[in-house]
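Place chain B on chain A using the hints.
Residue numbers (our numbering), protein chains in the order written: chain A, 1 to 315; chain B, 1 to 560.
If you're looking for bench data, these hints aren't it; they were derived computationally from the structure. One or more hints might be untrue.
[Unchecked claim] Over the 12 Å line for every Cβ pair with chain A, so calculated as not near, a few chain B residues:
{"hint": "1", "residue": "28"}
{"hint": "2", "residue": "30"}
{"hint": "3", "residue": "33"}
{"hint": "4", "residue": "54"}
{"hint": "5", "residue": "144"}
{"hint": "6", "residue": "160"}
{"hint": "7", "residue": "300"}
{"hint": "8", "residue": "304"}
{"hint": "9", "residue": "313"}
{"hint": "10", "residue": "380"}
{"hint": "11", "residue": "464"}
[Unchecked claim] What follows is a set of in silico ranges between Cβ atoms, one per label pair, in the way DEER data are often shown:
{"hint": "12", "chain 1": "A", "residue 1": "27", "chain 2": "B", "residue 2": "556", "range": "38 to 48 Å"}
{"hint": "13", "chain 1": "A", "residue 1": "258", "chain 2": "B", "residue 2": "549", "range": "15 to 25 Å"}
{"hint": "14", "chain 1": "A", "residue 1": "270", "chain 2": "B", "residue 2": "556", "range": "54 to 64 Å"}
[As the list claims (entries may be wrong)] Computed from the model, here is a short list of chain A residues facing chain B with C-beta under 10 Å:
{"hint": "15", "residue": "71"}
{"hint": "16", "residue": "203"}
{"hint": "17", "residue": "248"}
{"hint": "18", "residue": "296"}
Nothing here was measured: the structure is a model prediction, and the numbers come from that model. The beta-carbon is built from N, C-alpha and C at its ideal position, and this holds for glycine as well.
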Amino acid sequence: MTTHALTLPRSAAQNARLDPAASLLSPEVSARLSRLTVQARRIPSARRRGPREQRSVGTGSAPIDTRAYVPGDDPRRIAWCAYARFEKLLVRIVADETPLSLALIIDQSASMAYGAPSKLTQACRLAAGFAAVAVESEDRVAAIATARTPRILSRAVSGRRGLGGLLRAMSGLTARGLTDLAGAARIATDTLGGRGLCVVFSDLLDPRGALDGARALRARGHEVVLVEVLTPFELSPPDLSGCTLEDAETGELVELPSRGALAAYRAALNEHRDALDAEATRLGARVLRVSTDDDFDLVVGRALRAGIFRAGTIR
Amino acid sequence: MSLAALVVPLTLLFLFRRSRNVATVPSTLLWQRFAIANAKNRRFRSLARVLSFLLCVSAFLALALAAARPSRLGDHSLTIAIVDVSASMGSGDHSPLERARERLRSDARGLGTTARFALITAGDTAQVLIGPSNDEEAITRAIDRIEPTRGTANLSAAIRVARGFQDHSTTLRIFHDGNSTTRGATDTWNGEVEEVLLARSAEGTQRDNVGIVAFSARAPQDAVADEDRAVMIGITASGAESASGGGSTARESGLETRRVQVTLEDAETTLATREVDVTPGALADVTVRLQVFTPRLTATVRPIDGRDDALQRDDVAELEITETVSKRVILAHGAEDERRAFFVEAALRSAGVTELSRVAELPVPLPEGALAVVIGDAPSRVTGPVIYIASDTGAPFPTRDLTREELSLRAVDPEHALTRGVNLDGVTIASARALEIPTDAPRVRSLVELDGGTVLATGRAGGARFVYLGLDPTRSDVVLRVAFPVLLANAVQLLTGADEVTSFDAIPFDEVAITKTPSLNAVASQPGTRLPVHPAFFFAGLAICVLVVEGAGYGKGWLR
Numbered sequence: 001m002t003t004h005a006l007t008l009p010r011s012a013a014q015n016a017r018l019d020p021a022a023s024l025l026s027p028e029v030s031a032r033l034s035r036l037t038v039q040a041r042r043i044p045s046a047r048r049r050g051p052r053e054q055r056s057v058g059t060g061s062a063p064i065d066t067r068a069y070v071p072g073d074d075p076r077r078i079a080w081c082a083y084a085r086f087e088k089l090l091v092r093i094v095a096d097e098t099p100l101s102l103a104l105i106i107d108q109s110a111s112m113a114y115g116a117p118s119k120l121t122q123a124c125r126l127a128a129g130f131a132a133v134a135v136e137s138e139d140r141v142a143a144i145a146t147a148r149t150p151r152i153l154s155r156a157v158s159g160r161r162g163l164g165g166l167l168r169a170m171s172g173l174t175a176r177g178l179t180d181l182a183g184a185a186r187i188a189t190d191t192l193g194g195r196g197l198c199v200v201f202s203d204l205l206d207p208r209g210a211l212d213g214a215r216a217l218r219a220r221g222h223e224v225v226l227v228e229v230l231t232p233f234e235l236s237p238p239d240l241s242g243c244t245l246e247d248a249e250t251g252e253l254v255e256l257p258s259r260g261a262l263a264a265y266r267a268a269l270n271e272h273r274d275a276l277d278a279e280a281t282r283l284g285a286r287v288l289r290v291s292t293d294d295d296f297d298l299v300v301g302r303a304l305r306a307g308i309f310r311a312g313t314i315r
Numbered sequence: 001m002s003l004a005a006l007v008v009p010l011t012l013l014f015l016f017r018r019s020r021n022v023a024t025v026p027s028t029l030l031w032q033r034f035a036i037a038n039a040k041n042r043r044f045r046s047l048a049r050v051l052s053f054l055l056c057v058s059a060f061l062a063l064a065l066a067a068a069r070p071s072r073l074g075d076h077s078l079t080i081a082i083v084d085v086s087a088s089m090g091s092g093d094h095s096p097l098e099r100a101r102e103r104l105r106s107d108a109r110g111l112g113t114t115a116r117f118a119l120i121t122a123g124d125t126a127q128v129l130i131g132p133s134n135d136e137e138a139i140t141r142a143i144d145r146i147e148p149t150r151g152t153a154n155l156s157a158a159i160r161v162a163r164g165f166q167d168h169s170t171t172l173r174i175f176h177d178g179n180s181t182t183r184g185a186t187d188t189w190n191g192e193v194e195e196v197l198l199a200r201s202a203e204g205t206q207r208d209n210v211g212i213v214a215f216s217a218r219a220p221q222d223a224v225a226d227e228d229r230a231v232m233i234g235i236t237a238s239g240a241e242s243a244s245g246g247g248s249t250a251r252e253s254g255l256e257t258r259r260v261q262v263t264l265e266d267a268e269t270t271l272a273t274r275e276v277d278v279t280p281g282a283l284a285d286v287t288v289r290l291q292v293f294t295p296r297l298t299a300t301v302r303p304i305d306g307r308d309d310a311l312q313r314d315d316v317a318e319l320e321i322t323e324t325v326s327k328r329v330i331l332a333h334g335a336e337d338e339r340r341a342f343f344v345e346a347a348l349r350s351a352g353v354t355e356l357s358r359v360a361e362l363p364v365p366l367p368e369g370a371l372a373v374v375i376g377d378a379p380s381r382v383t384g385p386v387i388y389i390a391s392d393t394g395a396p397f398p399t400r401d402l403t404r405e406e407l408s409l410r411a412v413d414p415e416h417a418l419t420r421g422v423n424l425d426g427v428t429i430a431s432a433r434a435l436e437i438p439t440d441a442p443r444v445r446s447l448v449e450l451d452g453g454t455v456l457a458t459g460r461a462g463g464a465r466f467v468y469l470g471l472d473p474t475r476s477d478v479v480l481r482v483a484f485p486v487l488l489a490n491a492v493q494l495l496t497g498a499d500e501v502t503s504f505d506a507i508p509f510d511e512v513a514i515t516k517t518p519s520l521n522a523v524a525s526q527p528g529t530r531l532p533v534h535p536a537f538f539f540a541g542l543a544i545c546v547l548v549v550e551g552a553g554y555g556k557g558w559l560r
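So that you can see chain B by itself, here it is in the shape it has in the complex:
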């Protein structure tokens, strides 16, 4: 703006420079022979001078623009690419993810001078590989960093992150293989959305897949020793669906079952080998009873029916088990919370808790080494570690009921010990109570957030460690999932520091049972034009050119 203010003195200077005495003479025939400029008439000269002035002003404005070092020019559109990096994207030789990379590289090359590009991967969590940028090299580097994960695609989280970059001309482009639904997720995006469905290189065979989706070790009810473990391996398979059968299950389509061999190993030896039939789209369980303590188990599945296995990374799952030290858990709940207590107790026992007592009110103080689990209202002060479940009164921080619109899962922190192995994808939540963590509570960590607030948090409050779970066990299907006992087991281990850890690494069910039929890409990239130089240099060069033209015109007399 300060440079633009110089237009006024520049104009005055220009007018002063061009101000000359004008005299009328009988004839200019002789004067023309040595004149430095001539014009047809006053009108023509006025036009030439106006043109000259405009050229000067244009040159000055171009210089001002160059001085402002513009980084964007012309097409300022922003394209945000969200890439599904779920496990199924890595299937096959020429995987959908590799196709996505190729498309992204092509898009990056076709960026105009000022168009911007952002790249977000949608795995279990959203990760920004590069924010809005026009740097083709940086974008290419970001594209090279895209790798498939062992989880699912949290497209909702990725879109929420993308909303932070959105401006008036933003296009959201979602690359996925059709195995992750975008329905609902894109409803929250109030701009243009393009879905790029990435076909696998060869339909049918490449989509045949078997893999492990669940892997757990629990102390059985009839355990006779601490080392007794019932190891359960969940296997599923996809089917070679027809292109038109995207919405039907494998069983409905009459697809063939898969014959697989499951091997359970510890660090040194093979503990068990089983052969099972797996119905596509359904879960096949293999249970192995172990009577020796093994800290690390590895399950491997291999098709033995001669058909392909599209995804390799879901064929192996690992489980780590620490030595079980039985802890005493006191489960406190009111009479009205009996149903909730049922699910919680079952989950705790599934998590390996053997010494559990139910009470109406927590003893004060809490017995040494005991862990309190409070359902519903809690006492105002708890002297030991405690798990709050759907608590209001007595919760470490204020809570509030969430409305129906606030119950969508927004973010999960998968790195924390409490959420390790806890898969909440597709969980149904009908009621929840959010913990309103004050900003001055740095020792409290939010781990699971719904749209309305935090429903899983851990930290310290009042000198005691706590885990807060705001989900109502009776109004959510989380209690029917493996995630619930895993979560409680993690919570017990976190708060007491010595319980069994059932940490397993397996591919989610949806990623193994590739149920969606991908279609061919429908979006073609629109290559833009790229200036050979930076806009600042472009404007500077333009200004110099204009000044040279104006100077030459003035020197030649055309613009006098």
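So that you can see chain A by itself, here it is in the shape it has in the complex:
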């Protein structure tokens, strides 16, 4: 038996550990992200939370506007000074100060070590971006790494100080072992305390079911965003017909037919993605697809189009 190294972007061993010198979040990127907010569709409280001003009656204390009183409004919100001045019943509009709970679940399995930069690096960069956006929106962010035994990288934090600790925790990740998204979903639920937005960064090639974690999260009422991170090799591999492939995680060996492997793989990838999209739609989850060589701005643009991010605040 002979082993031939394929022309992969970078070997798994080289990418197993994040380069500590590489910054997950540059100041320029962080500055651009400060104008974004994370959009949660299914969580009512998340639609009117934090300093983002909404024309609705919130539960905070800082008034941002007034509107005419309608039966049913809390009488305590009636602006009596304005009534004295304009002789009209007006109700104060205040910002909703309930923060959004955001859980960043990062797949740390061995398969994430591939690519240049590695899928794990790209996932951590994206997670750092999500965390930065959330912190700027005064949301609370937690991070969970999922490997054979999922573990909490950072409990829910807020503010720039908390963001620093979260980035340090993510920079020490090493790709190894198997994926347990379902286990990570349980930990995320425990960490968040209530319902929140869970963003899963993974290649979604977990043989036990890429959507197990998403199902578990949805079952507990969380909103789910799936960020699929793949390498260019996985998106457009060379023709490996006649080769034997070994799974980096499980060690399983598959023997490919002597020809037609490339076309079959493309069909399988499309089928896999279609099934993923269909299941995500059924679960109400959103899917963001990222390649390891994608620029961050490109990813942000896709996230904006997918409604995961929202630019600016609603006035």
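Here is chain B on its own, set in the frame of chain A:
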């Protein structure tokens, strides 16, 4: 071996076929959907490939074995059956021989695929009916050819023949009715021996037997004419011994005597009828004096006491007599051979020689028409026919004294005119001198052999016909037997071509006087398993099956 040498290139070919590029990828989830095979891990795949390789090698070896066309597989044991075909084996309605056939057929059916079977009959001589074989049909045909003879069972000769077939896993199985002793004979067999004693269907009555054991015609001492003959008929009977009395004689057991009627006939008329009492185990003589020349005599015995007669073939004996032409015999011997000469002269006269002269040295040349009989040392050259008896110097070929261990009777050629009617069973020989016949003497024939060599031979040497008898008449009981005068008579007739021939056909004494008590069979045949096909086809089929399994496993991906 040449096929086995192909294992090396086959292995290389196998390894080449199974050599594939191996690449590590992040996940094989998508690749598995169209993969032709998968394995749990490298170790599992290595195990599967080793199994696949072993299957291929096994299939190849099976094909090589099939190509070798093996005829034997598994149990290669050889069973040699020696069947006593003496006269007593044919006694009764359901004779011991018929029982032996049934047992042999059962054994043949129970042969395994590769077990072999050989069949030898022990009559006066040993005869191989079938050599080691696994062919059930051929064995059955051989069994069907077993027939009782009118002689005794020469088990020693049969065992000697069996030794020629013996290998490391040979079992000797002797079928007999207990009337022929195997003691001593089987001592020479250095393997496993099973004796199958065949009981007669009904003890007692079926073992009652009377028969003729001796039948001779001699010119009496007081003959007044050439046609005068004293015809002697020897009759004996067995007894209904008890089961525990196998070793005792009938007389000791107090058995009843048998009353029989003896009839002597020629080709046309009854010449004489006698009634005699026969004591079981003893010999009763009936002597009839004839004064007419009859070339062929038939003696018949019939029990008239109302009891059974187990064996029918011993009730009739025949004797052929040619016209007597008196020949002159010159008996030459030294002074020290006087005792030997006495027995020889008596035997010659019993054989019908009337003109006999004793000399110290043979006349040279020998008178016309005379027959020389030389006892002991002989002249270097004899110009006429001669009988050498225990000769050393002057014998036609070198001789040598046999040791005690070499004196057992090994083989007798009963078909030759010289040995016709000569029964040497149980003969005691204390001293003998063997004739060492050179291999380039094709005109010399060995007729009686002891373990040490030939003691009776005939042929031509130095332009003269001769008969050589290496037995010492004074150190063997052969001179007390009927066989000795018969042998000398045959020799005289053979060398001179015109003497009286006393050729009789009768059942030996032991076969008529059934003295042994048979016991029930103690050996059960062990049926084997028989493959439905020839081993070669079996191996070929096995190889094909293995290849199909390996191919299916490879196709399904289990063995990749």
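Cross-check of the supplied hints:
Here residue 28 of chain B does not stay apart from chain A, with its beta-carbon only about 4 Å from theirs, under the 12 Å limit. Taking the minimum C-beta to C-beta distance to chain A, about 4 Å, the non-interface status of residue 30 of chain B is violated against the 12 Å cut. The claim that residue 33 of chain B lies off the interface is violated: its Cβ sits roughly 5 Å from the closest Cβ of chain A, which falls inside the 12 Å cut-off. Distance to chain A confirms residue 54 of chain B as a non-interface residue, since its nearest Cβ pair spans about 17 Å, more than 12 Å.
Remark: the non-interface label on residue 144 of chain B is consistent with the geometry, its nearest Cβ contact in chain A lying 64 Å away (cut-off 12 Å). The claim that residue 160 of chain B lies off the interface holds: its Cβ sits roughly 65 Å from the closest Cβ of chain A, which is beyond the 12 Å cut-off. With a minimum CB-CB distance of about 94 Å to chain A, residue 300 of chain B clears the 12 Å threshold, and the non-interface call stands. No Cβ of chain A approaches the Cβ of residue 304 of chain B within 12 Å, the least distance being about 98 Å, so the stated non-interface status holds.
The Cβ of residue 313 of chain B lies farther than 12 Å from every Cβ of chain A, with a closest approach of about 82 Å, so its non-interface assignment holds. No beta-carbon of chain A comes within 12 Å of the beta-carbon of residue 380 of chain B; the shortest separation is about 91 Å. Taking the minimum C-beta to C-beta distance to chain A, about 90 Å, the non-interface status of residue 464 of chain B holds against the 12 Å cut. At about 59 Å, the CB distance of residue 27 of chain A to residue 556 of chain B disagrees with the hint of 38 to 48 Å.
Taking the beta carbon of each, residue 258 of chain A and residue 549 of chain B are about 23 Å apart, inside 15 to 25 Å as hinted. Between residue 270 of chain A and residue 556 of chain B the beta carbons are some 27 Å apart, a value that contradicts the proposed interval 54 to 64 Å. Hint status for residue 71 of chain A: violated, given a least beta-carbon distance of 58 Å to chain B, over 10 Å. The interface hint given for residue 203 of chain A holds, since its Cβ lies 7 Å from the closest Cβ of chain B, which is under the 10 Å cut-off.
Hint on residue 248 of chain A holds. Least Cβ distance to chain B is approximately 5 Å, under the 10 Å limit. A cut of 10 Å between beta carbons decides the hint on residue 296 of chain A: the least distance to chain B is about 22 Å, and the hint is violated.
Checked against the numbered hints above, the structure violates hints 1, 2, 3, 12, 14, 15, 18; every other hint is satisfied.
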